[in-house]
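Peer 1: Kindly generate the complete structure, drawing on both the sequences and the hints.
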Amino acid sequence: MNNNNEKEISRRDFIRASGIGVGGLLLLGMIEPEAVLAETPAEKAILYDATKCLYCHTCEMFCKQSNELEGEIDVDGDLSPNTWLIIDRMEYGPEVGGIQPGWLFIRSACMHCGTCASVCPSGAIIKLDNGSIAVEQDKCIGCHYCHQACPLDIPRYGEDGTMRKCDFCQDRLALGEKPACVGACPANALIFGDRDEMVVEGRERVQALIAEGYSDAYLYGDKELGGMPVMYVLAYSPEEYGLPLMPKATETQMTWRDLIKPLGGMLGGLAVLGVGAKYVKAKKAK
Amino acid sequence: MIELQTTWGWEIAIYLFLGGLAAGAICAAAILNLATGERFKNTIRFSAWASVIALVVGVSLLLLEVGLPFRAIVLFKSFVNFDSWMTVGAWLLIGGVLIYGVYALAFTGCVTRRLRFLQRWRTILAIIVIPLSLAIAAYTGVLLSVLWARPLWDTWFLPALFTASALNTGVALVAAYANLRESGEKAASLRKALEISAVSLIALEGTILGCYLASMLSGSEVAALSAQVLTTGELSLLFWLIVVGLGLAVPLLVSIILIIRSDIARKTRGVFPMLGILLCLGGGFTLRLLVLSAGLPILT
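Going down the list, the sequences are from chains A and B.
For the first sequence, position 198 matches number 198 in my numbering, and the numbering has no gaps at all.
For the second sequence, position 137 matches number 137 in my numbering, and the numbering has no gaps at all.
No wet-lab data here; the hints were simulated from the structure.
Any given hint could be a false lead.
[What the hints assert, rightly or not] Covered by chain B, per the in silico footprint, the following chain A stretches (three or more residues, Cβ under 8 Å): (1) 111-125; (2) 131-144; (3) 149-161; (4) 265-272.
In this text, a Cβ means the ideal position worked out from N, Cα and C, and glycines have one as well.
Peer 2: What follows is the structure, given as structure tokens:
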């Protein structure tokens, strides 16, 4: 028995109090169960044909207007919380007599690859059934993990600290309309439809480019990360457009990560075994 | 001109450092507990409380760093996607605070007088603490290593490096107490054991760091460019001087000298070993800060 005046708290009381505390916290957490990633294939897709783009900025204007994003467009600007789409241009080809032979145009906006959704701790970034990636601002905590994960440097953060990016015009899609940028394009450089059809269309355009002599023509987003809901028809290799080479879904470099969670489970299992062994030993000693 | 990674700055570097330091210190304390029983309970108590405080400060810094700290602090709503390593890590760290906290309480006299059964839990807690702390130490590297869009981080060398560094800095923290407060013949053997551990861990960390850099330098274009920022570029002076020189080489030398000539610690009233320990801790933090800063995006 305890000789001190202080009252000893029994193990049972301690465990009971701890249990009530932990149980209460768990119940709190269950108030709003979270739906995380929908494991559905991309159904819809936007196809951007860099070879048809006129650099007219109509898509940028309609993106701002449709999504009620403040500010004017800045043709040489960068993405921002209020600019979800810009068309970049870059000089291309060998300089001859101080004159650059041509320009390449490339769309800079979210390609909805879903890398951000897989790392978002708060479940604010979710993959929708149509394959696109949406952000629920009221859940975002502004940790910037999505910014670190994004291969295309897309996420931007508003004054309230939450992430902003292209949302695939979900509101328009719900009304059966095309995304604003696609509807605005006068050159047919942006088209929208079922992803299967867009892949067929994109591959045909690439084949036509190769037949024209563009041997490095490429459909970017067709296979990358298992296939993305936004694809680009490119006349040259992705690097020429400043696009990163992305891993395919089955790249071996991804596999070691699959080992981590089982390994963690094994460590946990070892701890349980250790505690069990200690318990058995203590019992035997008695 | 290369644009360094600035989205995550010193707050996250401290978060990663403290998470590792706490894990390393309590892991060393738990091993000490299992190996020697309660002979060094003061060292164990100090290490356990230091770990709890380090984890609390670390998690607080993570929460303060995010754009919406008051939303983030409601962990049950803000860390719910368990596909995300940040979620796994946040909960591991909270678990760490709780388990390390109970372990620290089990060595705190004024608590065990009222909760006597806690003393009987010490061994079981130590068994739980070791894998938990290793998981937390590794997590600090995994958090970055799953980001394939930053090639310098996209490797299993990073969790290995941060785990080795965590154990290295953790042992240094335990050694700090052992040097300053433990006395007697047995304390001398403890100090020697800690110095031998330090030498082994510095050698391990140095080897992993070397392999990591070699693998990055011979890797993809951006990986090599990022590694060059550390080895020959903008951060090379800090890297070679603070991380490699002062953070690894000098502590290694100090520990080797102390193994050979243990009387130096007494003659310098603990200043000599403390020099190695403080440099080791500074090197550990700088390592994380530089690895964070040099993590160039794939779109470089």
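Peer 1: For every hint, state whether the structure bears it out.
Peer 2: Status of the hints after comparison with the structure:
1. 111-125: It holds: at least three residues are needed, and the segment 111-125 of chain A offers 7 whose Cβ sits within less than 8 Å of chain B.
2. 131-144: holds (count 6)
3. 149-161: holds (count 8)
4. 265-272: Coverage by chain B holds here, the residue count being 4 at a Cβ distance below 8 Å.
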